[in-house]
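Q: Residue numbers (this note's numbering), protein chains in the order written: chain D, 1 to 361; chain W, 1 to 361; chain U, 1 to 361; chain R, 1 to 361.
As the list makes no split between identical chains, a pair holds if one copy fits it or if it spans any two.
Computed list of lysine to any residue pairs in SDA-like fashion (alpha-carbon distance at most 20 Å, straight line): (1) Lys357 <-> Gly220; (2) Lys357 <-> Gly33; (3) Lys357 <-> Gly290; (4) Lys357 <-> Gly115; (5) Lys307 <-> Thr277; (6) Lys143 <-> Gly115; (7) Lys307 <-> Ala267; (8) Lys357 <-> Arg8.
I should point out that these hints are in silico values taken from the structure, not numbers from a laboratory.
There are 4 protein chains.
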Amino acid sequence: MMSFGIGRSFRMTVFGESHGRCVGAVVEGCPAGIELGAGDIQRELDRRRPGRAAASTRAERDIVVVESGVTDGRTNGGPIMAIIRNEDTDSSWYAKNRGVPRPSHADYTAHVKYGGFSDWRGGGFFSGRITAGMVMGGAVAKKLLSRSGVRAVAHLVQAGAVKAGDVPDDGLDAMAAESPIWCADRRASEMMLKAIEEVRADGDSIGGIVECRIFGLPVGIGDPIFDSVESVLSHAVFSIPAVKGVEFGGGFPMSAMRGSEANDEFAIDGGRVVTRTNNSGGILGGITNGMPVVLRVAFKPTPSIGKEQRSVDLSRMEETTIRVGGRHDPCVAVRAVPVVEAVVSVGVADMLMSAHKIESI
Amino acid sequence: MMSFGIGRSFRMTVFGESHGRCVGAVVEGCPAGIELGAGDIQRELDRRRPGRAAASTRAERDIVVVESGVTDGRTNGGPIMAIIRNEDTDSSWYAKNRGVPRPSHADYTAHVKYGGFSDWRGGGFFSGRITAGMVMGGAVAKKLLSRSGVRAVAHLVQAGAVKAGDVPDDGLDAMAAESPIWCADRRASEMMLKAIEEVRADGDSIGGIVECRIFGLPVGIGDPIFDSVESVLSHAVFSIPAVKGVEFGGGFPMSAMRGSEANDEFAIDGGRVVTRTNNSGGILGGITNGMPVVLRVAFKPTPSIGKEQRSVDLSRMEETTIRVGGRHDPCVAVRAVPVVEAVVSVGVADMLMSAHKIESI
Amino acid sequence: MMSFGIGRSFRMTVFGESHGRCVGAVVEGCPAGIELGAGDIQRELDRRRPGRAAASTRAERDIVVVESGVTDGRTNGGPIMAIIRNEDTDSSWYAKNRGVPRPSHADYTAHVKYGGFSDWRGGGFFSGRITAGMVMGGAVAKKLLSRSGVRAVAHLVQAGAVKAGDVPDDGLDAMAAESPIWCADRRASEMMLKAIEEVRADGDSIGGIVECRIFGLPVGIGDPIFDSVESVLSHAVFSIPAVKGVEFGGGFPMSAMRGSEANDEFAIDGGRVVTRTNNSGGILGGITNGMPVVLRVAFKPTPSIGKEQRSVDLSRMEETTIRVGGRHDPCVAVRAVPVVEAVVSVGVADMLMSAHKIESI
Amino acid sequence: MMSFGIGRSFRMTVFGESHGRCVGAVVEGCPAGIELGAGDIQRELDRRRPGRAAASTRAERDIVVVESGVTDGRTNGGPIMAIIRNEDTDSSWYAKNRGVPRPSHADYTAHVKYGGFSDWRGGGFFSGRITAGMVMGGAVAKKLLSRSGVRAVAHLVQAGAVKAGDVPDDGLDAMAAESPIWCADRRASEMMLKAIEEVRADGDSIGGIVECRIFGLPVGIGDPIFDSVESVLSHAVFSIPAVKGVEFGGGFPMSAMRGSEANDEFAIDGGRVVTRTNNSGGILGGITNGMPVVLRVAFKPTPSIGKEQRSVDLSRMEETTIRVGGRHDPCVAVRAVPVVEAVVSVGVADMLMSAHKIESI
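Only chain D is shown next, with the shape it has when bound in the complex (with noise of 0.2 Å):
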């Protein structure tokens, strides 16, 4: 079976390859007369794009065309399919190491699950490129959500060892967008820099976590038992490359408090029901329960790496070593925060609107 889409009332489907012709993606669902252009897109794949602190060196200027699905100026009901253009490919390295796979990449399932007929150019579809497209779809959907009110903010709180400090909820975006890795605090900002400096120039990578929270979520959202929040939300994050894990409020260290400690007692505030603590991350049964929705995931160190490694080769069935050419960010997570941003943005408009919280008109 296949999967290159999800949502089920928002609904995105991306297609492409890393060293194709295009990335892009399909967007179904979104109501008609929201205005939308191509400058909505630009914004969060430039986002996304190399070029900033601690990435890869691929100059890709990704820019993108609006194909369907807006009539002057505004969505007209029908799918919205928006592309980029691979321009900054170079397949060499692949060819010379064709059948010898990658240590933690998908070269080896890949080539299992497809019978040897998968892109083994920069990973084919399996490639962070990809998400290019998810950037793609998630613009679509934070346009949809501006109209509500709602809002989904990601931000890097820890890469390798270094760890960010609490920040606030309000300015947290401004904060994040004053780092060149989107740390909203700024200290470790600088330090997190410096931790992947160290590793890049060693050939080495590290992992980090990307928090999200979204505000201006109503009461109500969520569709339990089996489309909760949090099924939801991990479905679509644990899409994105590099993701081991999710986890939302107070997450695994919950599993060592006592519930006396752990419980978001109700309160009343301004007339309505919020919780005095929040554990929960936002979200009781599966539904959320009005307070920010908050969540963490976290990203392995980038696989590829610039020293020898041991691995097979599939034609002759033999070990072999490898040391990965090409070029790659030292630390996925950082180029990950608008891809958080853009998959939950994707998720929650997706819940939004089976819970006719937007109008499909």
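Could you slot chains W, U and R onto chain D? The hints should help.
A: This is chains W, U and R only, laid out in the frame that chain D set:
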């Protein structure tokens, strides 16, 4: 929108409420010809029943009846419906406290989502009792998986602050079964039991972590981009009440690692491609790589505690306090062990069926 | 893959077999707060029961039990499970004739598809008895639709060679209810009854055509391109056993018409846009236009006839003959009338929910 | 909700508008390793292009570009995106007549459904031009089916009042290809052409009926209860603009038959179970029985006619008249022949993949 079902090729739909007439499941997509009796399902239900250590004192016999889908002792290709009756229900506490939501329960969000018409008795379908339906569906999945030599084994690796030591794959299920709380590390099991009894005596509760390992999966299962193994399994697992985090392989701690440490180098072992380590948790690019799939599931502390807590009276919109009655497990992670096994088995059966790795006959 | 469920936003899943323990349905997606009792479902089941004219003599009381999804007389937002028991089953004829497929029945294809493990007793889930499950789901849909003033009314317009004359929209349901075979044209009803008795006496059967009109639909329902009103309703209706054709509005005869005759010109009536004719059957571009939706459903003659027919013995792969036993309706289209109404109601409820025209609460 | 995609295991999503930049399709679920070039898709597109007899005079070259999903001439397991550009568009007539819906077109319903934001130029995505996307997806399906010896062949059997005589299965495609209107009965083809020219001269249009036969299907395809072969194929076919009816095998005329005439008796032929007649149209219980699947699709007359018609001015809510401009086929059923083949092929590919009858690699 609704979502009481999960799965594309192998689908489980659950129904019932905590204090209603029954709880049950419908399973679609199970191939015909599989030997299946009520005993296969009863065995799994017995594993999640209260009565084991550290559980609530609600006394349900939970005798399952298979109402459809089986002819002459074998599945007939049609939907398998199985049901248990609710017998030991007492809604009096809930009647008295209707309108005052229990902290960190679904009462408030369900009230809003269902416009005041949600089942207020014992949490309705948000109750942990709905997991009996998941276990019924999981029992069918397990029967199916066993034919292909695939097995999901869950065990408790943390309860409150007590962590289990490393346990080998071999004999894991037997070791877990010896512990009344499914902890395969005997020493840790005893300490956990003590910790659980302590919080129970205290009218409090603790969280815990359940690990699940899946053995016997072929290479090539999982459907990128958006139905990766991680997406499908996290989606399923986050449907279990009280889950706050899911991680695969190295998980969250991988964020602090370097690529050179974290990467799983390939080797050849007995003519088969293997990895020398398994930080990937058996998954590369969202696809199984032939190593055991490993995931860990974080449970929050049982929100029902005996202590007085602050809440609100929804009808008067006033702050008030509540002391939760009823009978509850002090560590919900314990009884969740067979539930994790069940939903993981359903997810795995679905992926195997989708990948054509189980014949539809 | 399996498909015992239908619907995206309002979903019905059926289970059970002709000679198994029960037949039932699970309905998901019904908004909370709808008044619903067993009586609402019983009323519809009684309409499809044998015992009316022209039906089989199998005597089932078909007393429905609502097992979940209703609290204090109203839907609670959860899955509604309803069930009837099989009581009057006699599998002896099927035991004797196992392995010799009845012509134009599903025996042969089910045997192959399910590898010899299909339920051979009374056709298993291919039996017309499964339509009782559809009627249960339809009863819930009808209750929901009635709140929005939407009503599907089916009636018999042809039985064998006898065709009913035109009948007006007004009072259609009352006129159909007066006829023991749901034919709103009294004269035709009598002739049809006679024709049915004739073929029954002859050990033979005849086909028929059921028309369904849907009143009260707002403009704008239906999801182009691939979930048009016609696609959704034909999908649902072709699930009823013995259906061989579905047409909307002018249907097949429109193929012979000119555009100038067939087109429905627009007019304004009481401030509302209407069409002067309704050859479109209430649908333009796959979307409702505010006129009544009209479809006709062709049923083949009941394949179970008393006459000797040629068949094959599957175990010996030899030609043989068979004389079908059991109790059967000579004109399956008659009892299909409430079934058409039911599945159409489910389809309409699904489209209305998807279009946000029924509040999910 | 949206639905620009169709299929569960083999999925086609279409995008584009009549007067927008392009029309295209994304195909998911095609196994890797299938030889596929732009030529395979171009061949099918050329079959539906205007320029053949009886077509509109809009001059599009419709040169397809395959943008993703193919590596080294073979499918790579990823989404296949194919696109054609719109070149010969002239929206002036539509600009002048905006707000006055064309009778029996989707203008009015699209206007209401999309809140006035639907693409008013040439019908937007309701235009017949969207069927080019269906043909692109169908071309991929056909390539896939051909590997399994499965073939869908459509031909015109009625245009206006002219009906084709019986044509044998053998050589059906060749005979149809000889006719400029895909009518395999040469004499009828000439009469149909004359009838079409007559209505064209008259500024009028006629309807028609397309038959499709599917050869080579194994026994056991189709998913009861709710995804029967009839349900899946009718769902697909009713997505084609202007379709008003679908029937299988004996179809509507079977309603007037007796069971003893209509039943298909079984026989053994060359060690294989066959039926002596094929009134069932190759389907029993919603499952293929190994005989050719036969369906007929009724098309209404092209709604665009040159004659003056009554309509309404939606902005003023006044009655008015309209004379439809633009370039249109006088008999839309003619160009629909390859479109029926395409969507049927997509449906069949989906069912075969779901039934595991095509290896996913």
